[in-house]
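Novice: So the chains spell out like this:
Protein chains: 6
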Amino acid sequence: MTDFQEILDRVMVNMGKLGELLPKEMDSFKTLREAALEEGALDPKAKELMALGISIAIKCEPCITSHMNNLVKMGVTKEEIKETIGVAIFMGGGPSIAYGGKALEAFEQLSK
Amino acid sequence: MTDFQEILDRVMVNMGKLGELLPKEMDSFKTLREAALEEGALDPKAKELMALGISIAIKCEPCITSHMNNLVKMGVTKEEIKETIGVAIFMGGGPSIAYGGKALEAFEQLSK
Amino acid sequence: MTDFQEILDRVMVNMGKLGELLPKEMDSFKTLREAALEEGALDPKAKELMALGISIAIKCEPCITSHMNNLVKMGVTKEEIKETIGVAIFMGGGPSIAYGGKALEAFEQLSK
Amino acid sequence: MTDFQEILDRVMVNMGKLGELLPKEMDSFKTLREAALEEGALDPKAKELMALGISIAIKCEPCITSHMNNLVKMGVTKEEIKETIGVAIFMGGGPSIAYGGKALEAFEQLSK
Amino acid sequence: MTDFQEILDRVMVNMGKLGELLPKEMDSFKTLREAALEEGALDPKAKELMALGISIAIKCEPCITSHMNNLVKMGVTKEEIKETIGVAIFMGGGPSIAYGGKALEAFEQLSK
Amino acid sequence: MTDFQEILDRVMVNMGKLGELLPKEMDSFKTLREAALEEGALDPKAKELMALGISIAIKCEPCITSHMNNLVKMGVTKEEIKETIGVAIFMGGGPSIAYGGKALEAFEQLSK
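Residue numbers (the working numbering), protein chains in the order written: chain A, 7 to 118; chain B, 7 to 118; chain C, 7 to 118; chain D, 7 to 118; chain E, 7 to 118; chain F, 7 to 118.
Think of the hints as simulated: they come from the structure by calculation, not from any bench. A hint or two may mislead.
To give an idea of the interface, some chain A residues facing chain E are shown, with a C-beta separation under 7 Å as derived from the structure [stated by the list, open to error]:
| hint | residue |
| --- | --- |
| 1 | K30 |
| 2 | E31 |
| 3 | F35 |
| 4 | T37 |
| 5 | L38 |
| 6 | A41 |
| 7 | A42 |
| 8 | S117 |
Derived pair list, reagent style BS3-like, types lysine-lysine, alpha-carbon separation capped at 27 Å [what the hints assert, rightly or not]:
| hint | chain 1 | residue 1 | chain 2 | residue 2 |
| --- | --- | --- | --- | --- |
| 9 | C | K36 | C | K51 |
| 10 | D | K51 | B | K30 |
| 11 | B | K36 | B | K51 |
| 12 | C | K84 | C | K51 |
| 13 | B | K36 | D | K84 |
| 14 | A | K36 | F | K84 |
| 15 | E | K84 | A | K30 |
| 16 | E | K30 | D | K23 |
| 17 | C | K84 | B | K36 |
| 18 | D | K51 | C | K79 |
| 19 | A | K36 | A | K79 |
Restraint-style ranges between C-beta atoms, simulated for each label pair [claimed, not checked]:
| hint | chain 1 | residue 1 | chain 2 | residue 2 | range |
| --- | --- | --- | --- | --- | --- |
| 20 | C | E26 | D | E12 | 43 to 51 Å |
| 21 | C | S117 | A | M18 | 37 to 45 Å |
| 22 | E | V78 | B | E114 | 26 to 34 Å |
| 23 | B | E114 | A | M18 | 37 to 45 Å |
| 24 | B | K30 | F | K30 | 49 to 57 Å |
| 25 | F | G22 | C | G22 | 51 to 59 Å |
| 26 | A | D9 | E | M7 | 49 to 57 Å |
| 27 | A | E114 | D | E26 | 55 to 63 Å |
| 28 | A | V78 | D | K30 | 50 to 58 Å |
| 29 | F | E114 | D | K30 | 30 to 38 Å |
| 30 | E | E26 | B | V78 | 18 to 26 Å |
| 31 | B | V78 | C | K30 | 21 to 29 Å |
Ideal Cβ placement from N, Cα and C applies to all residues, glycine included.
Bound-form chain A, shown alone (with noise of 0.2 Å):
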């Protein structure tokens, strides 16, 4: 069984290590994350569930620890992850059903 609280914590991890290696790129990556995921036209959580559907879509198993943890956090619903999986698999066939059902499980372990 894939431990998705395991995956977060490496990618942390790995994030603070990359950070102090590469202090521009990723303070510059930080600023660019928070500009695009700001309240605006569309609202936060519409901008991680499209993070998450695009996650799904190029099957990035870490990318939708991340997202999903970041939407669980905001109080995402089952009905808008589920959506989110829709979407991504009318988007990119099969293989989003095999990573749309990664996004599944990662929901159900990260929102215990």
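Given chain A's structure and the hints, the job is docking chains B, C, D, E and F onto it.
Specialist: For chains B, C, D, E and F alone, coordinates are given in the frame of chain A:
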């Protein structure tokens, strides 16, 4: 200059031909698309924007064109488009700037 | 060591859950899959081998596992698997050697 | 309208230039390609169709063109092409409809 | 024939527009880019060549164009370009031959 | 925790098996790899770093492992690794942070 109306026209013609050649596949895909994009916890425009964000992140020019066309018909605003491009850049780096630029061109041409 | 039976089991469990959450999307996808893989000018095994070749080329481990399982049930030979891996290497370079190797492991484990 | 003959011509010219610049790489790649596509448990046409399916799934227009040209020379039928597109749609979702449409255009133009 | 100068011009125009629409994202991305490409253990040309190799491997035509333009301004040699294409072919197989060919065309056009 | 030595061992075992099953493909690929990575206008380490950068950008964990192992044997420094990760982040956005983090883990484990 890329003519996004021409790209759209060709996508439409090709979808018609594929519908004749692969009626079962294309009919079931149409059902899948309608289910994935229908009103639910997320509204259809949010889902189309998500499909656009995925299209930019995966560098798919005809997909960008097709989803942009759907969005223009739904009355999407430039604010919503630009923020979707922002999320794609966050998720896709430099290549998403290039394809986000194509999305912007498509918006300008198709919303005329 | 990767346990491909466990990967397969999780894909199956997740597909069951997605079937409950997204019945319209998953039913139409099932219809699409059956139409795409049915006997025609190409036989079902040739189509599953093509799906396997695509899975290797796009580096999708759960897809490799799932299509290998279908192929093993169809009585695929090691010759057919190895030649599919050969085409994937031609189309995907070094990464397809790594994922072709995973396909070989999956074949060995799932054909026991 | 995309001119697939022109795409093909450019691929051929470029391969010639790369053959002069990178003779060892291109010669060994040629050997790899011949080995991967030769008659075996799968016949050369099945392997070219697999290469076409991969080309559609990975959204590679010059690859679609080049493999379609090989297939036309082998006497591929429209039935075989359409079923290959069907498998690609199953594996690639919406983007494979767009690139499957390009494959169909390439078939129509190159088989004239 | 692809006009790489025109592709470059459009990328530049689009980046200007994105800079007005998404100033925070584009400014932070610019800072990220400068940090990533500055002189360090690796020199700026080696880093641009790496960006070109990635661009070929991921089949991104506007990226190839943009990084080739930077490289031409830096005085890149045909030897350096061809060896970068060689690495991309090793990592990307057949599709990287097609996009490596595009890189070669871009070099020839933009270095005039 | 990911055990990168174990990933490396499996890649090596699988390459051995593929070498027996597909001798012509694997021999020609070996010739291709040696030609692509040999001393020239760019030195072998610069080429391996480029292969690593591509591996991160395309999210290929076994590729990251294998090229990192080659680099460690060549005496790569942490500075060179971190700057390669920086280029990959510039070219790949968020997902390259996740896979750049994996590269850092692989470096730490394999350079012990």
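Novice: For every hint, state whether the structure bears it out.
Specialist: Now for the hints, and whether the structure bears them out:
| no. | hint | verdict |
| --- | --- | --- |
| 1 | K30 | 4 Å, holds |
| 2 | E31 | 5 Å, holds |
| 3 | F35 | 6 Å, holds |
| 4 | T37 | 4 Å, holds |
| 5 | L38 | 4 Å, holds |
| 6 | A41 | 4 Å, holds |
| 7 | A42 | 6 Å, holds |
| 8 | S117 | 30 Å, violated |
| 9 | K36/C <-> K51/C | 17 Å, holds |
| 10 | K51/D <-> K30/B | 25 Å, holds |
| 11 | K36/B <-> K51/B | 17 Å, holds |
| 12 | K84/C <-> K51/C | 13 Å, holds |
| 13 | K36/B <-> K84/D | 23 Å, holds |
| 14 | K36/A <-> K84/F | 23 Å, holds |
| 15 | K84/E <-> K30/A | 32 Å, violated |
| 16 | K30/E <-> K23/D | 43 Å, violated |
| 17 | K84/C <-> K36/B | 37 Å, violated |
| 18 | K51/D <-> K79/C | 24 Å, holds |
| 19 | K36/A <-> K79/A | 18 Å, holds |
| 20 | E26/C <-> E12/D: 43 to 51 Å | 50 Å, holds |
| 21 | S117/C <-> M18/A: 37 to 45 Å | 40 Å, holds |
| 22 | V78/E <-> E114/B: 26 to 34 Å | 29 Å, holds |
| 23 | E114/B <-> M18/A: 37 to 45 Å | 40 Å, holds |
| 24 | K30/B <-> K30/F: 49 to 57 Å | 39 Å, violated |
| 25 | G22/F <-> G22/C: 51 to 59 Å | 38 Å, violated |
| 26 | D9/A <-> M7/E: 49 to 57 Å | 53 Å, holds |
| 27 | E114/A <-> E26/D: 55 to 63 Å | 57 Å, holds |
| 28 | V78/A <-> K30/D: 50 to 58 Å | 52 Å, holds |
| 29 | E114/F <-> K30/D: 30 to 38 Å | 35 Å, holds |
| 30 | E26/E <-> V78/B: 18 to 26 Å | 21 Å, holds |
| 31 | V78/B <-> K30/C: 21 to 29 Å | 26 Å, holds |
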